[in-house]
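The chain contents come next:
Protein chains: 2
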Amino acid sequence: MDQDKTNIPANKQKPLILVTNDDGVTARGIRSLVESVRPLGEVLVVAPDAPRSAQASALTVTNPLRVKKIEEEDGLTIYQCNGTPADCVKLAINQLAPRRPDIVVSGINHGTNSSISIIYSGTMGAAIEGCVAGIPSVGFSLCSYDPRADFDSAIQYAYTITQKVLAEGLPKTVCLNVNIPEKHHHIQGIKICRQSEGYWSEEFLKRQDPSGKNYYWLSGEFINAEQMSDDTDEWALEHGYVSIVPVKVDMTAYEFIDDLNKWVTDLESKA
Amino acid sequence: MDQDKTNIPANKQKPLILVTNDDGVTARGIRSLVESVRPLGEVLVVAPDAPRSAQASALTVTNPLRVKKIEEEDGLTIYQCNGTPADCVKLAINQLAPRRPDIVVSGINHGTNSSISIIYSGTMGAAIEGCVAGIPSVGFSLCSYDPRADFDSAIQYAYTITQKVLAEGLPKTVCLNVNIPEKHHHIQGIKICRQSEGYWSEEFLKRQDPSGKNYYWLSGEFINAEQMSDDTDEWALEHGYVSIVPVKVDMTAYEFIDDLNKWVTDLESKA
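Chains H and S, in that order, give the protein sequences. Position one of the first sequence corresponds to residue 0 (numbering that gives the first Met the number 0), numbered consecutively onward. Position one of the second sequence corresponds to residue 0 (numbering that gives the first Met the number 0), numbered consecutively onward.
This is chain H alone, in the form it adopts within the complex:
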């Protein structure tokens, strides 16, 4: 077995698949993901009891966490939790799972998580948490915000990709961010991509409450700062591909270390 790969499941028992999300345990997306991966192993769901969008890797530190088993049948156990997606993964691995999960899958998020959204996404926060724990992890998102969105193509790709990751493993400290276009007959194929540079603009609606006090709603429009690059997740999705970005938890900007080293003498002389 490759020493750099972790957790390729033993042949003796079915893989244990930990499922979570950030849209909450009752969301269509997580039910779709359970349907997708259930043929591949034993499924443990630990998911937030209500939507926790844009929670990134946030953890609950000032309140206790509570969990409640809400479903149990052959090969499927479902818990809800009052914490964030990352809390759910930690609790599942440390307290609830009957053994160490072989894979963590998160989603299927009801909306795109490409480009800079990875920084904010609770779906990816959960996948990153699985990755930090040394377990192969994948976040899945459907590129549609329509309440009646069709999850069928996402279910199919989530199955295929989960099966592949179970078979192949992933490098330590790398997880996958998968975004899937909605309409299957439009899908051109799969592109392995890098995270596009982007940001959100005009980010708030400013309003007044009945007493005349201001409040602000997060709003805004995503700006892809790399319109011309054909190797990004944004390009792939705009051109009808499923995008897969390998994501690492090491955020070091190695290419800037040499430049920064030139600062040290000056900084030390003043400190």
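Everything labelled a hint here was simulated from the structure, so no lab data went into it. Among the hints, erroneous ones may be present.
[Said to hold, decoys possible] Taking lysine-lysine and the DSSO-like style, the derived pairs with C-alpha atoms no more than 27 Å apart in a straight line are:
hint : chain 1 : residue 1 : chain 2 : residue 2
1    : H       : K171      : H       : K13
2    : H       : K261      : S       : K68
3    : H       : K163      : H       : K67
4    : H       : K269      : S       : K13
5    : S       : K269      : H       : K182
6    : S       : K269      : H       : K163
7    : H       : K171      : S       : K269
8    : S       : K182      : H       : K261
9    : S       : K269      : S       : K205
10   : S       : K163      : H       : K261
Based on the hints, put chain S in the right spot on chain H.
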């Protein structure tokens, strides 16, 4: 001016320094940071109204944000906000700042934010948010959890580093994660580092409430997975150095793209 650098302040007016944190607007650390950077420009503080530790890059999407100006004097304006650290930075840049800030400084966090803590830290979530907005940004943390911790050395290093970043700028999409040992006379110097690989173990205390129901408190112990490497932030801090890790918002694992491309034919044939 270097085209790859952003926001080196114009000479005509004092730099505008945006200050935030995750310990809340009344924390000792943010007051120390204001004291530190005030000689360098005009200071705008927009910080959470209460502690928001471990909030990562979380955003508030399901509730409106409210802000309140709590102090205003010559060259210093302080707002508190009911949002996360990243919310505070967004609101400051988009709604509250009189002009575009020249730098975002976050902290001084009352506790270390090295290694994998960057994934969870609200202090760094705020710095990353400034970076995404194209503004040079730095997160500062003091390596002490003692309520009576001495912030003097952190104040001195925060001043020197902020001054340097104002003068030199930072590459687009790179910010700095600075951790500072508490005792000035023990500090050996400054090390430019990479993020150490690490994780938390035995993460929960399981307890029962008076009605016999379980609850869980996040707890646990940090494990440095790279004890032997001398180029990490953990090594630097253990050996008495101030650690500076350049952090980038592009989380792509470029080194795994070629391997993943070998999966595509197989995945597409099954989808």
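Hint check:
no. : hint             : result
1   : H/K171 to H/K13  : holds, 22 Å
2   : H/K261 to S/K68  : violated, 40 Å
3   : H/K163 to H/K67  : violated, 31 Å
4   : H/K269 to S/K13  : holds, 21 Å
5   : S/K269 to H/K182 : holds, 17 Å
6   : S/K269 to H/K163 : holds, 10 Å
7   : H/K171 to S/K269 : holds, 26 Å
8   : S/K182 to H/K261 : holds, 25 Å
9   : S/K269 to S/K205 : violated, 44 Å
10  : S/K163 to H/K261 : holds, 12 Å
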